[in-house]
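A.B. asks: Letter by letter, the chains look like this.
There are 2 protein chains.
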Amino acid sequence: MAKTAEIIAVGSELLTPERSDTNSLWLTEKLNDIGVEVKLKTIVGDDDARLEETIRDAVKRSDIVITTGGLGPTEDDITRQVTARALNRNLEYHNDLEVHLRERFRNWGREMPEINKRQAFIVAGADVLPNPNGSAVGMYLAENGKHVAILPGPPREMQPMFEDLVLPKLRAAAGNVSVYRRFLKVVGLGESALDEAIAPIYTAYPGVQTSILFNKSGVDVQLALRGVDEKRARDVLDEIEAKSVAKLGRAVFSVQGEAMEEVVGRLLSRSGKTVSVAESCTGGLMGSRLTEVPGSSSYFIEGVVSYSNEAKMRTLNVPKALLDEFGAVSSEVAAAMAEGMRERARTDYAVSVTGIAGPGGGSEEKPVGLVYLGLASESGTKTRRLMLPGERYLIRWRSSTAALDLLRRQLLKAT
Amino acid sequence: MAKTAEIIAVGSELLTPERSDTNSLWLTEKLNDIGVEVKLKTIVGDDDARLEETIRDAVKRSDIVITTGGLGPTEDDITRQVTARALNRNLEYHNDLEVHLRERFRNWGREMPEINKRQAFIVAGADVLPNPNGSAVGMYLAENGKHVAILPGPPREMQPMFEDLVLPKLRAAAGNVSVYRRFLKVVGLGESALDEAIAPIYTAYPGVQTSILFNKSGVDVQLALRGVDEKRARDVLDEIEAKSVAKLGRAVFSVQGEAMEEVVGRLLSRSGKTVSVAESCTGGLMGSRLTEVPGSSSYFIEGVVSYSNEAKMRTLNVPKALLDEFGAVSSEVAAAMAEGMRERARTDYAVSVTGIAGPGGGSEEKPVGLVYLGLASESGTKTRRLMLPGERYLIRWRSSTAALDLLRRQLLKAT
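Going line by line, the protein sequences match chains A and B.
Numbered by my numbering, the letters in the first sequence go through residues 91 to 505 in order.
Numbered by my numbering, the letters in the second sequence go through residues 91 to 505 in order.
To be clear, the hints were calculated from the coordinates, so they are not data collected in a lab.
Each hint should be verified, as a subset may be incorrect.
Identical copies look the same in the list; a pair holds intra-copy or inter-copy alike.
[Claimed, not checked] 30 angstroms max Cα-Cα, derived BS3-like pairs, lysine-lysine:
# : residue 1 : residue 2
1 : Lys-236   : Lys-120
2 : Lys-456   : Lys-236
3 : Lys-410   : Lys-93
4 : Lys-410   : Lys-333
5 : Lys-472   : Lys-120
6 : Lys-456   : Lys-363
7 : Lys-337   : Lys-306
8 : Lys-456   : Lys-306
So here's chain A without its partners, still in its complex pose (with noise of 0.2 angstroms):
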C-alpha cells in the first residue's frame, strides 16, 4: 500500500483572491517520485482552532503530514504552538537556537529583536531542521508510522529544507520504491482523439498509470509505474512511448517534458540553422518564446513585430497589391511577411503569423480566431490557415504554438 500524505498550507494571506499556494504543487512532485500519495491538500489562515483540527485529522488519516508557513517571529505565526497543541505535546525552549538566532542577527549588523525569542520554542521530542536560508527553523517528527514536517513558507527556505533532511527520511518510510514517469507532449490533437488513439496502447499495461492533461499548449500524456526495478519500468515505459510515437507520429513533440519553443531551439542548435520570426497578431509572443530558452541567441536573429500595414511593406517588403487585394490577414500576405523576413535577416527559416485575436477587428469573411502562418526556407515557402477558438489570449498563446510547431515538423522532414 502505497504512503499517503496531507499538505497543509498555513498564512491568512494564502487565502486572498490575488495568492495561491504553490509551495504545495512542488512537494506534491517531490513525494509522487518516492511513491507518496498526496490525499488532500489545506490552505489555512492565521486560525487557531481550523488550524489544529486541520492537523488533528490530518494526522489521523494521513501516514505523512507536511505543514509550510506560519512560523515567523510575529503574532500572526501560529504553526509552533496550534501543531504543539494538535499533537498533545508542549514547546520547549532551546537555549542554543537562541544563541545562534543572536549570532544571526549581529552578523547581518542588527540587534536580534526580542520577538524573534519566539522561534527558539521548538515541539517536544521534535527534531530541530536547520535552516541555512531564513531565521525560522523546521521541525520533525516520527512516532507509531506516522511522520510530520514543519516547514517555513518561503521557498528558498522550505525547498532546500525538505530536500536535505525531509525527504530521505520520507523515503525511507516509503519503502524507497521508485516511480517511474514518462511525459508524452502532444499538439494538434484533441484530448477525446488522443485518447481514441492510445487508450488501447496504455490499456494493455494495467499496472502503467495513465492521466492525460489538456492545457494551453496542447495534450500531455503522462505515464507512471511504481514497484517495478529500474531496468523492467524503463523497457514498459520505452515500449508504451514507442507505440504511442509509431500510432501518432510527429503530433507527438516532446518526451523529456520540454516546451514546445525548446524542443524547436534543440532541433536549431542540432542542425546549425537559425531563425527569424515576423508577427503580427502575436505581437511579439512567439520572438518572446523563442528567446525564453538560455542560449538562443545562437539560433535566433530577428524578429520583427510588424503590427500595422505599413510596417509590414517597409520592413517585410509586403506588397501594397497585396495587402490590397487580400488583406493582411490572409495566406499570401503571410506567405509575403515569412519571405520578407527571411530576406532581411538572412535566416536558414523565417516564421509569421498573422490574424484576427479579437474581440474587435472581425468579420463574417474574417472572423475573430481566423489566422495564417508562413514559413520561408531554402526549398520555399508554405502557409497553413488555422481558426482557433477561444479568447484575445488564447488565440495569440495557441498561434504562437501552431506556428513553432510548423517549424518544428520542417526541421524534422529536413534531417
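Given chain A, put chain B in place with the hints provided.
C.D. replies: Here is chain B on its own, set in the frame of chain A:
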C-alpha cells in the same frame, strides 16, 4: 460578525504537481466583496472518506460551504453521494432532470449514455441550480443558518451559476454588507520602503484593512473598508488614495487595478500618440505585453527584436562603431536602438531594451542582470541603467516593466 466560508475543490487531478485549483481564487474575491471571509480551502481527491470528513467539518465550523467539481457522470465523480452522506440526507432521483438531459444530448445529435443518469440525482431538500453550459446541475441548501452550494468544476459552468443563483442568496445571508476596495499599484519601490512611506497614512484610518502584496511587476496596496455606506466609504478611500499618491507621486501607476501595459495604452490612446519598440534581451516580451491589450493596434505600430548585432545594425541602424566600442549592452547602444526604431517606424515614441538576462553571457564588468533602457521622442533621447536580481524569466519581465514605466512617466510629463 462577518460570515465565514470554506471552499472545497474536489478532484484527483487537482492533487497532481501540474494542476492547481483556480476556482477558489475567483470565489474568494466574490465572497470578500459581500463581506464574507474565507477561512479555509481544501483540495481533496476522489476519496470518499476524506471528502465526507472534510464536508462534515466544514459545515460544523463555517457558515458557508462551497464545493466545486466531482459532479460529472463517471464513477470518479463522488461529490453528489458523499455530500448527501455528510449532510445525513438521501439522494433523490429527479425524472425531469433526466428528460432534460436526454434532450440536451439529442440536440447535440447524440444518444445520452446511460451513465449520465447519475446526474439526475439530487441531495434531498436541495434547490436545483440549472446549468446552461454543461450537463451537471448544481445544488443549494440552507438550513439552521448554514449554506451549502455544490457547484460543477469547469469555470465557465461554475462562474455564471454562482453569480446568478448563489451569490444573491449569500449576499442576503451576509446582511447585504458591501465591501469597498481600492488598489494602488506601485512600481520602482520595495515592499518595506513603500510601507514606511504610507503606513503613517493608512494607520490613521483604523477601519480600513490594508494589505501590501509584492509581485513580479511591482507592489500592490489593497485597501478594504466594510460596514459603512457607500458615500462614506468612497470618501475615506479617496482620502487615503489622494494622500498616498501625494506621498508616492508617479510611483503609483494605477488606482484601478490595471496592468502597466493597459495604463501605457490608455495614456497613448488619450494623447493620440504612437509607439514602437526595439528589443534585445526581452526578445519580444515588451511588444507582446503592449499588444495583449485589445485595441492596441491604434497606437502600437511596429517592433523589432534585434537579438543579433547584425540585426541591430541592419534594421535599427545602430553604428558598428558603437557596438565595437561600448558593446551591445550599453547606454549608447540602447539610445541608438531607440532612435533607429523611431526613425524606421516614424512613431512619436520608441522604447528600447538591451541587457544580459542570463544564465550565461555575464562578465565581471557586465554581470547578468545589467540592463539598459532607451526612450526616444521628439524631445530627445534618454537612457536608464538597471541592475536586476533574479532569474532569466524575472530579469526579462522586470526589464519590460521598467521600459514601459519609462514611457509612462514621459507620457505623464507630456500631458
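A.B. asks: A separate judgement is required for each hint: does it hold in the structure or not?
C.D. replies: Verification of the supplied hints:
When the C-alpha separation of Lys-236 and Lys-120 is checked against a cutoff of 30 angstroms, the pair qualifies only within one copy, where the shortest distance is 18 angstroms, while the shortest distance between copies is 38 angstroms. In the homo-oligomer, the alpha carbons of Lys-456 and Lys-236 never lie at most 30 angstroms apart, since the shortest distance is 62 angstroms inside one protomer and 51 angstroms across protomers. In this homomeric assembly, Lys-410 and Lys-93 never come within 30 angstroms of each other (Cα to Cα): the closest approach is 67 angstroms inside a single copy and 64 angstroms across copies. Taking the closest pair of Cα atoms, Lys-410 and Lys-333 never come within 30 angstroms of each other, the shortest separation being 50 angstroms inside a single copy and 54 angstroms across copies.
For the identical chains of this complex, Lys-472 and Lys-120 are neighbours neither inside a copy (44 angstroms) nor across copies (48 angstroms), given an alpha-carbon limit of 30 angstroms. In the homo-oligomer, the alpha carbons of Lys-456 and Lys-363 lie at most 30 angstroms apart only across protomers (28 angstroms), although the nearest pairing inside one protomer, at 35 angstroms, exceeds that limit. Proximity of Lys-337 to Lys-306 under the C-alpha cut-off of 30 angstroms is restricted to the intra-copy arrangement: shortest distance 23 angstroms within a copy versus 42 angstroms between copies. In the homo-oligomer, the alpha carbons of Lys-456 and Lys-306 lie at most 30 angstroms apart inside one protomer (23 angstroms), although the nearest pairing across protomers, at 37 angstroms, exceeds that limit.
Comparing the model with each earlier hint shows violations of hints 2, 3, 4 and 5; every other hint is respected.
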